[in-house]
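Chemist: Listed below are the residues making up each chain.
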Amino acid sequence: MSQKPLSEIVEELRSKYPGVEVSEQGTLTVPPDTLVAFMRDLKENYGFNYLTNVTAADYMEYFETVYDVSIVGEPHMFHIKTKVDRNSPVVPSMVPIWGGAIWQEREVYDLMGITFKDHPDLRRILLDDAWTEHPLRKDYKYEGGRE
Amino acid sequence: MTIKTEEFLLNLGPQHPSTHGVFRIILTLDGETVVKAVPVPGYLHRGIEKLAESRTYTQVIPYTDRLDYLAGMLMNWGYVYAVEKLMNVEVPERAEYIRVIVGELARIASHLVATGAYAADIGGLTGFIYTFRDREDIMDLLEMISGARLTPSYMRIGGVAADIPDGFIEKCRRFIDYLPDAIEEYNGLITGNEIFQARTKNVAVLSAEKAIDMSLSGPVLRASGVNYDLRKARPYSVYDRFEFEVPLGTKGDCFDRYYVRLLEMEQSAKIIRQALDQLPEGPIKGKVPKVIKPPKGEAYAEIESSKGIMGTYVVSDGSTNPYRVHFRRPSFVNLGYLDEMLKGWKIADVIAILGSIDIVLGEVDA
Numbered sequence: 001m002s003q004k005p006l007s008e009i010v011e012e013l014r015s016k017y018p019g020v021e022v023s024e025q026g027t028l029t030v031p032p033d034t035l036v037a038f039m040r041d042l043k044e045n046y047g048f049n050y051l052t053n054v055t056a057a058d059y060m061e062y063f064e065t066v067y068d069v070s071i072v073g074e075p076h077m078f079h080i081k082t083k084v085d086r087n088s089p090v091v092p093s094m095v096p097i098w099g100g101a102i103w104q105e106r107e108v109y110d111l112m113g114i115t116f117k118d119h120p121d122l123r124r125i126l127l128d129d130a131w132t133e134h135p136l137r138k139d140y141k142y143e144g145g146r147e
Numbered sequence: 001m002t003i004k005t006e007e008f009l010l011n012l013g014p015q016h017p018s019t020h021g022v023f024r025i026i027l028t029l030d031g032e033t034v035v036k037a038v039p040v041p042g043y044l045h046r047g048i049e050k051l052a053e054s055r056t057y058t059q060v061i062p063y064t065d066r067l068d069y070l071a072g073m074l075m076n077w078g079y080v081y082a083v084e085k086l087m088n089v090e091v092p093e094r095a096e097y098i099r100v101i102v103g104e105l106a107r108i109a110s111h112l113v114a115t116g117a118y119a120a121d122i123g124g125l126t127g128f129i130y131t132f133r134d135r136e137d138i139m140d141l142l143e144m145i146s147g148a149r150l151t152p153s154y155m156r157i158g159g160v161a162a163d164i165p166d167g168f169i170e171k172c173r174r175f176i177d178y179l180p181d182a183i184e185e186y187n188g189l190i191t192g193n194e195i196f197q198a199r200t201k202n203v204a205v206l207s208a209e210k211a212i213d214m215s216l217s218g219p220v221l222r223a224s225g226v227n228y229d230l231r232k233a234r235p236y237s238v239y240d241r242f243e244f245e246v247p248l249g250t251k252g253d254c255f256d257r258y259y260v261r262l263l264e265m266e267q268s269a270k271i272i273r274q275a276l277d278q279l280p281e282g283p284i285k286g287k288v289p290k291v292i293k294p295p296k297g298e299a300y301a302e303i304e305s306s307k308g309i310m311g312t313y314v315v316s317d318g319s320t321n322p323y324r325v326h327f328r329r330p331s332f333v334n335l336g337y338l339d340e341m342l343k344g345w346k347i348a349d350v351i352a353i354l355g356s357i358d359i360v361l362g363e364v365d366a
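From first to last, the protein sequence lines are chains A and B. According to the working numbering, the first sequence is numbered sequentially starting from 1. According to the working numbering, the second sequence is numbered sequentially starting from 1.
Extracted from the complex, chain A is given alone in its bound form (with noise of 0.2 Å):
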């Protein structure tokens, strides 16, 4: 669908959405209230129908979300990530562009403790309802284990 290469892509969209930030490895930097408008124009408009990955990291100061979104049948493949407030952590959910956000985001959500907005099923998915922590943010306390 799109035959554009890369490079061509990632201007366009700098032109178009001028808060975004291209990393020298080729990974997107988009700010949180651009993210769906930003997502949904690479898939309508480029042809991104795929969203493989999404995760999260902690870097105590501020979360970061990773999405990795590819197209059916072909080797692009982008690496977009956004910087999520440690405070208050939301983000739009990707489900209405992607439904199969669905389950990786009730991980993240799960694990790291970030809320995506709009999420239709935000429900903890690994850990135990009753569980009141987010084992994979870095200040998590446990026992046992190895410094």
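A couple of the hints might just be wrong.
Derived lysine to any residue pairs resembling SDA-like cross-links, with alpha carbons at most 20 Å apart [as the list claims (entries may be wrong)]:
#1 B:296 - A:21
#2 B:232 - A:75
#3 B:232 - A:21
#4 B:251 - B:202
#5 A:141 - B:46
No lab work stands behind these hints: they were computed from the structure.
Let chain A serve as the given structure and place chain B on it in line with the hints.
Modeler: Frame of chain A; chain B shown alone:
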């Protein structure tokens, strides 16, 4: 007179052989028909991603074996591939070929479990015995090369742990020469069985659009006719040097999902044969420092595992331990549409539908 009926709840699992491990589905039933299904994973969650943060890069490898423990080699591969991308390590050719050989053997082994267990799910336990008989040959081969049957930990960052032992190549050739006969036997025993077909054909038809939208991958996606196999679409390692086809289904029903796996085994054997023929001489490990300290940064890499796309996300802060590791596990993502797939089917079909997705709980729960 009308009889008053009401819906009731039924717990399927977590202790039930047909859930292939400790998976639970809370079913709301109207008689025998599923009205609502709520899958509950997590009973085998060990927190591998958290554990990895306090291990060195090499020490993470044995944990990956315990994701998809039916294809541990492929899990090893997915992880080391991401770390190699992060460190810009070049893997020697011979190591890449050995990886392809053991990786495809693991794929066949995993599909043999899927095929046999599926036959057993449908009610034909004999099929299970036959596929496990043949899987034993692969287990022997993997034990020869790595010392372990299920948890090989055979791949290393930059290569593999040991070279091919004497007798391995001959034994491997004997196995792939024999495999077509075995598949013919499965076709007679399972595929052609009238009851098996009645139970699987036209059951839980999955459209290509929905499969893509739900990020499904592997045989589940390809059974719906979507040609997406990373070995072809984004060739990694040396997969661009082999001739093979990507088997596709036409309908996207349970039967197609089952049958695509059988066809994939034939293609895997074809790849192994070519890899054995082309196997170059040379080192089995690239130039990697003794202490692995990748530069600050991150990498995401994907391989095609037996269940679908296995991705690994690694973040390095420049120390000897990974700052963050995430595994995109295909069985986990493939289950995301299960609740909708089960709706409207009878309780006996629940087993057939779940079995056709081919999950392994080590991977689902991580």
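Chemist: With reference to the structure, classify each hint as holding or not holding.
Modeler: Hint-by-hint comparison with the structure:
no., hint, result
1, B:296 - A:21, "19 Å, holds"
2, B:232 - A:75, "9 Å, holds"
3, B:232 - A:21, "31 Å, violated"
4, B:251 - B:202, "8 Å, holds"
5, A:141 - B:46, "16 Å, holds"
Figure legend: structure checked against the earlier numbered hints; the only hint not met is number 3.
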